[in-house]
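Novice: Below, each chain spelled out in residue letters.
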Amino acid sequence: MDLFEYQGKQYFSQFGIPVSPGGAADTVDEAVAVADKAGYPVVVKAQVKVGGRGKAGGIKLADNADEVRLHAGNILGMDIKGHIVHHLWIERSSDIKKEYYASFTLDRPNKTHLGMLSAEGGVEIEEVAARNPDAISMISIDPVRGLDLETARRWVVEANLDEVAREQAAVLLVQLYECYTKGDCDLAEINPLILTTEDKVHALDAKVTLDENASFRHPEWEAFRATETEDPREKMAKEKGLNYIGLDGTVGIIANGAGLAMSTLDVVNQVGGTAANFLDIGGGANADVMAAAMEVINSDPKVKAIFVNIFGGITRVDEVAKGVLEALSRVNISAPIVLRLDGTNAVEGRAILADHLNDRLITEPTMLDAARRAVGLANA
Amino acid sequence: MSIFVDENTKVIVQGLTGGQGRFHGLRNRDYGTKIVGGVTPGKGGTDVDGIPVFNSVKEAVEATGATASFVSVPPKFAAAAILEAAEGGITFIVCITEGIPAHDEAVTYNRLVEEFPGVRLLGPNCPGIISPGKCNIGITSGDIALAGGPVGIVSRSGTLTYQALHELSQQGIGQTTCVGIGGDPVPGTNFIDCLAAFEADPETKAVMMIGEIGGSEEERAAEWIKANMTKPVVSYIAGVTAPPGRKMGHAGAIISGSKGTAQAKMDALAEAGVHVCLNPTEAGEKMVEIVKGL
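Chain order of the listed sequences is W and S. Just so you know, we're using the numbering used here here: the first sequence kicks off at -18 and counts up by one. Just so you know, we're using the numbering used here here: the second sequence kicks off at 4 and counts up by one.
Be aware that a few hints might be false.
DSS-like cross-link-like pairs, simulated, lysine-lysine; straight-line CA separation at most 30 Å [to be verified]:
| hint | chain 1 | residue 1 | chain 2 | residue 2 |
| --- | --- | --- | --- | --- |
| 1 | W | Lys92 | W | Lys18 |
| 2 | S | Lys79 | W | Lys188 |
| 3 | W | Lys92 | S | Lys234 |
| 4 | W | Lys303 | W | Lys285 |
| 5 | W | Lys30 | W | Lys62 |
| 6 | W | Lys219 | S | Lys79 |
| 7 | W | Lys188 | W | Lys92 |
| 8 | S | Lys79 | W | Lys163 |
| 9 | W | Lys181 | W | Lys18 |
| 10 | S | Lys229 | W | Lys92 |
| 11 | W | Lys188 | W | Lys78 |
| 12 | S | Lys229 | W | Lys221 |
| 13 | W | Lys62 | W | Lys41 |
| 14 | W | Lys18 | W | Lys188 |
| 15 | S | Lys137 | S | Lys61 |
| 16 | W | Lys285 | W | Lys216 |
| 17 | W | Lys163 | W | Lys216 |
| 18 | S | Lys79 | W | Lys216 |
| 19 | S | Lys46 | W | Lys92 |
| 20 | W | Lys36 | W | Lys188 |
| 21 | S | Lys79 | W | Lys92 |
| 22 | S | Lys61 | S | Lys46 |
| 23 | W | Lys78 | W | Lys92 |
| 24 | S | Lys208 | S | Lys234 |
| 25 | W | Lys36 | W | Lys18 |
| 26 | S | Lys208 | S | Lys37 |
| 27 | W | Lys41 | W | Lys188 |
Rough simulated footprint, nothing fancy, chain W against chain S, three-plus residues with beta-carbon under 8 Å [said to hold, decoys possible]:
| hint | segment |
| --- | --- |
| 28 | 155 to 161 |
| 29 | 237 to 244 |
Simulated from the structure, these hints should not be mistaken for laboratory data. For every residue, glycine included, the Cβ atom is placed at its ideal position computed from N, Cα and C.
Taking the hints into account, I'd like the entire structure generated from these sequences.
Specialist: What follows is the structure in structure tokens.
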């Protein structure tokens, strides 16, 4: 789950990472109230989960309440690369002397954590990385040992941070690492991390991605979840515990396992069709989950045929078959269904469906046969 | 021969008294796997369909001589269960648990490497391993595998592992061992570990490798194959049509930039001399052709 900047900054604050005084606002009046409290001049920042908002006019400086009113009014409702602005973050403007970059992510090939630090941060960081990779100092951190202050002190020297910033930056990096690990982030990034004209180091932006697998130990993430805006199909699927991604085609897809679901998309494409979605019912799905999956697919008017591709492992095919029948009894499924069922309890599953097969509920022996049948029905 | 597990491997199931542990543990036993015990804290002294349950891995190992463990416990407890297995003397750990936090996986992997260098972890979030006719640990349906070799299978995706087994068995082509390494961010065993084991196994004559978008494991495997592999390899990479930038289920299956795309992986593998196929069926047919020509 990606956080908005303001949520990321709130998260950072819990770990002691310094950010500018400010607050979130959803209306012009709220924006003025927050600005009055933070003290002028302030920066009014659009909250969208996409880069390039500054260039799009989503970040404005305001010297007084009238200017806040003007900018907040313009930015709220703005469309930035398809993301509509519903929230603002207002903070006291900082006098910037230097812009740095800092982040932590998982280094998958090395199975360690990767810390990146640069004295050349700011909006052009990706260009810096491409043009002069040496300007980014990378360290590999053993997840068992973690990052200590001594290592961080050596790192800020290595990265050529200004001398006056080094101790503050080292402390902040340890805090950011704590936020990344204890806070269960997939990514914790600050760009820019600034040195102010008063020689203070703090986070001017926050990019945080949380690892949803760790939700069980973070009840506080509920508040972040409430602001997630999604495709209505995706929202409905998530409420039912399904892994769904909406696409633009006409063949609705239900599979178990991400790999098989992706492969199903590939095969549908190869035989001349287009997938309406990616839907992985996960491992061990029962009849209820399967029925919910059918309902989600059914809510998509573009779907002309449904391809259910199940290879039972931890998922039992008999449960899937029961789910299909349950869905058919609960709702009027508008598209014909083509099933391919193999694996754990496949014989039992096929037996459950045997008496119900007709030209709207079809089984095919192989994945390729089923794909051809479903695509044929969708394109008919 | 088979790799990692065979007919002599003694296995305990951590979480045998839970729903999934019981269902799959008993299926593994029915397949012929030597399931010698279960572990559930507080339930020591009881049994599951005649399989004795112990309070700790250490007790189970002492009583049964088990060397392998099948970890089937909820994500919250999985990292601790894996470490308990290593501490208890288990040397081959299969963890099927889906949804373990990435940071737990990173710490667990590195603790195993540092403190228990002789221990191999398979998974987490994997279907397990099957050496057909000998040993099946995990959630793979045993009836889709065919004993006798000569093909080794290694796969990053659970259900595609079954698909690969099915494609070969249907054509009468057997398998030495089929390993599902799982698609999580920090897998205990990777493609190269399995490719090296298959290369060293005299009964394995060819290898099928199933990958998917995201990460760079397939590219690294391609480099390894180019430098070391003498046996033919057939591969299929899932996710050619996946839209970029979207997370498709596995934490692993994310595309960022051009790196990690199915096309980049297929190009790297083709460059390494691998037979790259466009869907599981085509991969099965290609393998049949190779095996017939051996």
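Novice: Decide, hint by hint, whether the structure agrees.
Specialist: Going down the list of hints, with the structure as the test:
1. Taken as a hint, the Lys92 (chain W) and Lys18 (chain W) pair is broken in the structure, with Cα atoms around 45 Å apart against an allowance of 30 Å.
2. Pair hint Lys79 (chain S) plus Lys188 (chain W) holds up; C-alpha atoms about 26 Å apart against a cutoff of 30 Å.
3. Taking the CA atoms of Lys92 (chain W) and Lys234 (chain S), the gap is near 28 Å; set against the 30 Å cutoff, the hint holds.
4. Distance check on the hinted pair: Lys303 (chain W) and Lys285 (chain W) sit about 23 Å apart at the alpha-carbon level, within 30 Å; holds.
5. Taking the CA atoms of Lys30 (chain W) and Lys62 (chain W), the gap is near 10 Å; set against the 30 Å cutoff, the hint holds.
6. Restraint check for Lys219 (chain W) and Lys79 (chain S): satisfied, since their Cα atoms lie roughly 21 Å apart, inside the 30 Å limit.
7. For a cut-off of 30 Å, the pair hint linking Lys188 (chain W) to Lys92 (chain W) stands: about 22 Å separates their Cα positions.
8. Straight-line distance between C-alpha atoms of Lys79 (chain S) and Lys163 (chain W) comes to about 15 Å, which keeps the hinted pair within the 30 Å bound.
9. As the CA atoms of Lys181 (chain W) and Lys18 (chain W) are separated by approximately 21 Å, the hinted pair is consistent with the 30 Å bound.
10. Distance restraint check for Lys229 (chain S) and Lys92 (chain W): the Cα-Cα separation of roughly 23 Å lies within the 30 Å cut-off, and the hinted pair is therefore satisfied.
11. Pair hint Lys188 (chain W) plus Lys78 (chain W) holds up; C-alpha atoms about 22 Å apart against a cutoff of 30 Å.
12. Distance hint between Lys229 (chain S) and Lys221 (chain W) is unfulfilled; the C-alpha atoms sit about 45 Å from each other, more than 30 Å.
13. Distance restraint check for Lys62 (chain W) and Lys41 (chain W): the Cα-Cα separation of roughly 18 Å lies within the 30 Å cut-off, and the hinted pair is therefore satisfied.
14. Between the alpha carbons of Lys18 (chain W) and Lys188 (chain W) the distance comes to roughly 25 Å, so the proposed pair stays at or under 30 Å and holds.
15. For the hint linking Lys137 (chain S) to Lys61 (chain S), the alpha-carbon distance of about 25 Å falls within 30 Å, and the restraint holds.
16. For the given pair, Lys285 (chain W) sits about 21 Å from Lys216 (chain W) by alpha-carbon distance, which is consistent with the 30 Å threshold.
17. At roughly 28 Å between alpha-carbon atoms, Lys163 (chain W) and Lys216 (chain W) fall within 30 Å of each other, so this suggested pair holds.
18. Restraint check: the Cα-Cα separation between Lys79 (chain S) and Lys216 (chain W) comes to about 25 Å, which is no more than 30 Å; the hinted pair holds.
19. This hinted pair does not check out: Lys46 (chain S) and Lys92 (chain W) have alpha carbons roughly 35 Å apart, beyond 30 Å.
20. At most 30 Å may separate the alpha-carbon atoms for a hinted pair to count; Lys36 (chain W) and Lys188 (chain W) meet this at roughly 18 Å.
21. For the suggested pair Lys79 (chain S) and Lys92 (chain W), the alpha carbons sit about 20 Å apart, so the restraint of at most 30 Å is met.
22. For the suggested pair Lys61 (chain S) and Lys46 (chain S), the alpha carbons sit about 14 Å apart, so the restraint of at most 30 Å is met.
23. Distance hint between Lys78 (chain W) and Lys92 (chain W) is unfulfilled; the C-alpha atoms sit about 36 Å from each other, more than 30 Å.
24. Under the criterion of a C-alpha separation no larger than 30 Å, the hint pairing Lys208 (chain S) with Lys234 (chain S) is consistent with the structure, at around 6 Å.
25. Restraint check: the Cα-Cα separation between Lys36 (chain W) and Lys18 (chain W) comes to about 27 Å, which is no more than 30 Å; the hinted pair holds.
26. At roughly 27 Å between alpha-carbon atoms, Lys208 (chain S) and Lys37 (chain S) fall within 30 Å of each other, so this suggested pair holds.
27. Our distance criterion of 30 Å between C-alpha atoms is met by Lys41 (chain W) and Lys188 (chain W), whose separation comes to about 19 Å.
28. With 4 residues having a Cβ less than 8 Å from any Cβ of chain W, the segment 155 to 161 of chain S passes the three-residue criterion, so the hint holds.
29. With 5 residues bearing a CB less than 8 Å from a CB of chain W, the segment 237 to 244 of chain S meets the requirement of three and the coverage assertion stands.
The structure is inconsistent with the numbered hints 1, 12, 19, 23, although it conforms to all the rest.
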